[in-house]
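**Q** Protein chains in written order, with my numbering: chain G, 17 to 319; chain U, 569 to 827; chain L, 499 to 848.
Hints should not be assumed to be uniformly reliable.
As the list claims (entries may be wrong) - Listed next, the in silico PhoX-like pairs over lysine-lysine satisfying Cα-Cα at most 20 Å (straight line): (1) L/K826 x G/K226; (2) U/K572 x G/K125; (3) L/K827 x G/K226; (4) L/K797 x L/K823; (5) L/K787 x L/K797; (6) L/K787 x L/K826; (7) U/K572 x L/K556; (8) L/K827 x L/K797; (9) L/K797 x L/K826; (10) L/K787 x L/K823; (11) L/K770 x L/K749; (12) L/K512 x L/K823; (13) L/K529 x L/K556; (14) U/K687 x G/K125; (15) L/K567 x L/K512; (16) L/K787 x L/K827; (17) U/K572 x G/K226; (18) L/K711 x L/K519.
No lab work stands behind these hints, which were simulated from the structure alone.
These numbers were taken from a predicted model, which means no experiment stands behind them.
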Amino acid sequence: MVIADELTSPIPTRGGRGTSRSTPKFKFDKSLLGLLPLFLFLGYFLLYPIASIISASIHDNKHHLTLSLYGNLFSGNYRDAFTGSFKLAFYSMIVSGIAGALICWSVVKTTGVVRTITSSAAGVLANTGGVPLAFMFIAAFGQEGLITKLLLHVFHWDLYGGSFDLYNFWGILLVYCFFQIPLMVIIFTPALENLRVEWIEANESLGGTKFQYFRHVLIPVLLPSFLSACLLLFASAFSAFATAAAMSNGSIPLVPLFIGNLVNGNVIAGQENQGDAMAMGMVIVSLFVIAAYLLLLRVTRKR
Amino acid sequence: MKRKFTAFDKVIIAFAAFFFIAPLIAAAEYSLRGYGDKGHTFANYSWIVHQLGFSPALLTSLRIAAITILIVLVLMVPTVVYVHLGGRRYRRLVEILCLLPIVIPVVSLAIGAQVAMPKSLQSTSYELCFFYVVVAMPYVYRTLDIGLQSVALSTLVEASQSLGADWFKTLTMVIIPAIRSSTTGALFITFALSLGEYTLAVLLHFHTFPTWATNVSQQNIYGSIAISVTTLGGAWIFLIVIAFIPRIKSLFAQRKRVA
Amino acid sequence: MDLHGSTVEFRNVKRTFGTVKALDDFSLTIKPGELVTLLGPSGCGKTTALRILAGIDKEHEGIVEIDGKDMSQVPANKRNIGMVFQAYSLFPNMTAIENVAYGLRVRGVDSRKRESRARELLDLVGLSTQADRRPTQLSGGQQQRVALARALAIEPSVLLLDEPLSALDAQVRAQLREEIRRIQSTIGISTLFVTHDQEEAMAISDRVGVMNKGVLEQIDEPGKLYNKPRTPFVAGFVGLTNYIPAVTESKSSVLVLSQSLEISDHSPAVKKGDEVRALIRPEEFEVQKADEGATVITKSFLGPVTRLGIDVGTPDLIYAEITSKEAKKIDTGDFVRLSINSDAVMIEHV
Numbered sequence: 017m018v019i020a021d022e023l024t025s026p027i028p029t030r031g032g033r034g035t036s037r038s039t040p041k042f043k044f045d046k047s048l049l050g051l052l053p054l055f056l057f058l059g060y061f062l063l064y065p066i067a068s069i070i071s072a073s074i075h076d077n078k079h080h081l082t083l084s085l086y087g088n089l090f091s092g093n094y095r096d097a098f099t100g101s102f103k104l105a106f107y108s109m110i111v112s113g114i115a116g117a118l119i120c121w122s123v124v125k126t127t128g129v130v131r132t133i134t135s136s137a138a139g140v141l142a143n144t145g146g147v148p149l150a151f152m153f154i155a156a157f158g159q160e161g162l163i164t165k166l167l168l169h170v171f172h173w174d175l176y177g178g179s180f181d182l183y184n185f186w187g188i189l190l191v192y193c194f195f196q197i198p199l200m201v202i203i204f205t206p207a208l209e210n211l212r213v214e215w216i217e218a219n220e221s222l223g224g225t226k227f228q229y230f231r232h233v234l235i236p237v238l239l240p241s242f243l244s245a246c247l248l249l250f251a252s253a254f255s256a257f258a259t260a261a262a263m264s265n266g267s268i269p270l271v272p273l274f275i276g277n278l279v280n281g282n283v284i285a286g287q288e289n290q291g292d293a294m295a296m297g298m299v300i301v302s303l304f305v306i307a308a309y310l311l312l313l314r315v316t317r318k319r
Numbered sequence: 569m570k571r572k573f574t575a576f577d578k579v580i581i582a583f584a585a586f587f588f589i590a591p592l593i594a595a596a597e598y599s600l601r602g603y604g605d606k607g608h609t610f611a612n613y614s615w616i617v618h619q620l621g622f623s624p625a626l627l628t629s630l631r632i633a634a635i636t637i638l639i640v641l642v643l644m645v646p647t648v649v650y651v652h653l654g655g656r657r658y659r660r661l662v663e664i665l666c667l668l669p670i671v672i673p674v675v676s677l678a679i680g681a682q683v684a685m686p687k688s689l690q691s692t693s694y695e696l697c698f699f700y701v702v703v704a705m706p707y708v709y710r711t712l713d714i715g716l717q718s719v720a721l722s723t724l725v726e727a728s729q730s731l732g733a734d735w736f737k738t739l740t741m742v743i744i745p746a747i748r749s750s751t752t753g754a755l756f757i758t759f760a761l762s763l764g765e766y767t768l769a770v771l772l773h774f775h776t777f778p779t780w781a782t783n784v785s786q787q788n789i790y791g792s793i794a795i796s797v798t799t800l801g802g803a804w805i806f807l808i809v810i811a812f813i814p815r816i817k818s819l820f821a822q823r824k825r826v827a
Numbered sequence: 499m500d501l502h503g504s505t506v507e508f509r510n511v512k513r514t515f516g517t518v519k520a521l522d523d524f525s526l527t528i529k530p531g532e533l534v535t536l537l538g539p540s541g542c543g544k545t546t547a548l549r550i551l552a553g554i555d556k557e558h559e560g561i562v563e564i565d566g567k568d569m570s571q572v573p574a575n576k577r578n579i580g581m582v583f584q585a586y587s588l589f590p591n592m593t594a595i596e597n598v599a600y601g602l603r604v605r606g607v608d609s610r611k612r613e614s615r616a617r618e619l620l621d622l623v624g625l626s627t628q629a630d631r632r633p634t635q636l637s638g639g640q641q642q643r644v645a646l647a648r649a650l651a652i653e654p655s656v657l658l659l660d661e662p663l664s665a666l667d668a669q670v671r672a673q674l675r676e677e678i679r680r681i682q683s684t685i686g687i688s689t690l691f692v693t694h695d696q697e698e699a700m701a702i703s704d705r706v707g708v709m710n711k712g713v714l715e716q717i718d719e720p721g722k723l724y725n726k727p728r729t730p731f732v733a734g735f736v737g738l739t740n741y742i743p744a745v746t747e748s749k750s751s752v753l754v755l756s757q758s759l760e761i762s763d764h765s766p767a768v769k770k771g772d773e774v775r776a777l778i779r780p781e782e783f784e785v786q787k788a789d790e791g792a793t794v795i796t797k798s799f800l801g802p803v804t805r806l807g808i809d810v811g812t813p814d815l816i817y818a819e820i821t822s823k824e825a826k827k828i829d830t831g832d833f834v835r836l837s838i839n840s841d842a843v844m845i846e847h848v
């Protein structure tokens, strides 16, 4: 049983790696040839561009090796951009993570047509973004928007009475929820579908209360999946560009917008390669998040 | 035995439905408004079509989408089939490679393209096709992989050969029909992505339909919302069609069996 | 490990799902230490009865008592009932021993006591070396053993087994059912076992109740159930039976394969000349080689007996079992004469 598990597990076992290491001669495997087109394509259109950014990011404009461009990321506007992106990604992760999980909880109980509609709606909404989404929210929640008017005239709640503005941080957060919550629903549904009614019944017959079921079974079972789903939300919000570009008019410091500005030629003299360092900064953050995600996934798969 | 559907669930679903449907209705209403409270009109929609650059932008996007699909068809489909047949031991490697683009933010990829690609390629909007293949790759791989797993391709091939079919017959009569539905799915995803992609297009300064729509939007708020409603509506209908393709297919299959 | 057996009583229990009667006037008593099995096809109401006893299904009429105490106001988590489910019931976030100890944990038993008790039970089911494995690291059979240990750990008054073997391979299934029986009789716990597998039911039960469409058709010891079925359904469901077209000669006799036989007591009422079906077990036939008559079409060796498929001109082949020694003389294609060796046969209307 254990052996079978090891064989089917996606992560190679230590034993497996050991044996391949002990064969000293590298034998060329002809079946690799079939993968050559993919290797070449990804090499040229993915790895080569990334390598070029890395190379540019560690050279100053006099072609000297330096890490100062990365150092810059920790000060001034650059730091503000990273802080802004972190804040937006974090808040949207929390809000969308919890809201999405709650919706998921109710949606997995539905059947038939309702289920089909909600699941395809989630798939569709999660892929909505950019300018169309931004304008839809302007039409709904803007000063002249239908929902703003509805809230004011029916519920006597002036949306713009407080600090809310569609173009500031909270506005963007609201817009992000529109595609982040459905994304959460998509990612989290399988975890909830794997829950068994037998666990509830076993807990009951063993004398456990509802609270004990939540505390000892449900939460420990779901937590790794929930956290890993949240990490994906973080990564998605952190690197989203189109929606932010359409919404903020540059009023909020965010890394993707900052990079966009640099690409569009708004470069400070002498710091031509700063954009590359920022782009790499994003890649590194994204790498860390995905690595944590994979780690958590391993924990869930072991179960 | 299903878990019970409670009042709490109803509240949650009603709330979610409101949050996702209300902005749509609001946008639709807004797009029908006329200037100076002249009641509701379709003027904003006809305005879109009469804007300069509408059809060239749409045509460019369609051409890019077509070429992207072609590359996916030539590059990805044979590779994933190959991994499922001969190069099984490299499946893990190929999976990691194909999922790699998820880790790379599109903004970073745009910078990389600007730094690394030769000028000749950067001067044509068809450069986008290659990068759209990269961006679509994780989804394309997943779709193809899941599709191929469910048909147990190697068993089918063995069965076909033990029944006396040569490689050509196996390819045309077994492999291609077996992967048709997952291939269609992968191509639809690619198509949707290429038509709607904005980040790479705008950062690399190309004029595609999404960048055109953004530019035009600066001029007329009502018109821009009409554009949003049109593109969102179009994209959604498209994506819903993708989601329902397997159902429609099984419907047809049933018809055939009955007939 | 001295659990005294409890008495369980169902009295006139009814349960409907919409318009479907899942249980209709169901009454059953389980004596202390007894293993009673409910046997029947899916949807016959056997699982409903079990879930009502467990307290998971509360919307029923009638009375359920354990040791004379009415259970209607007792929630599932206060009934002190051990339950083993079909599969996948182990908590995936806990190891085997943590699963077994869970019932004691929610009762507030201190950790040292519950661990030693859990080890004791893992030992009983033969899994003491697998204590720290998670459910996914255990085979299906091992998982069900852990589930059994977990159910017994709380010293329940009744043990409920809801098709616990149905998800397992044939070999594991046969082995585990013997073990369940061994453990059950060692502890002496009153047990309700639910299954659709008649071999399983016959092998391990003190008494078997056959259910059909919410009705308990007959409850008896396994041998009696097989030899003296009280309804056509029981006769057909338990063991292999031939349904042979026949015509009644009077209220009490029937002509089957041109042989006049007495109609058994539990058959439905008939009058002369009714077209009916007679239910004849394969071993009730005697087969003799002949020069003409019925033809042997199939012959399958089953160890001590051999089963012959014989064409007598009825739509279906008739299956007869004779000793393998006798069968040596008969081959497929041979002509045979069939006679029925039975005091009284059960019949049913066509």
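**Q** Each of the hints needs a verdict: does it hold here or not?
**A** Here is what the structure says about each hint:
no.	hint	verdict
1	L/K826 x G/K226	violated (65 Å)
2	U/K572 x G/K125	holds (7 Å)
3	L/K827 x G/K226	violated (68 Å)
4	L/K797 x L/K823	holds (13 Å)
5	L/K787 x L/K797	holds (14 Å)
6	L/K787 x L/K826	holds (11 Å)
7	U/K572 x L/K556	holds (14 Å)
8	L/K827 x L/K797	holds (12 Å)
9	L/K797 x L/K826	holds (10 Å)
10	L/K787 x L/K823	holds (14 Å)
11	L/K770 x L/K749	holds (6 Å)
12	L/K512 x L/K823	violated (51 Å)
13	L/K529 x L/K556	violated (23 Å)
14	U/K687 x G/K125	violated (55 Å)
15	L/K567 x L/K512	holds (19 Å)
16	L/K787 x L/K827	holds (8 Å)
17	U/K572 x G/K226	holds (14 Å)
18	L/K711 x L/K519	holds (7 Å)
Checked against the numbered hints given earlier, the structure breaks hints 1, 3, 12, 13, 14 and satisfies all the rest.
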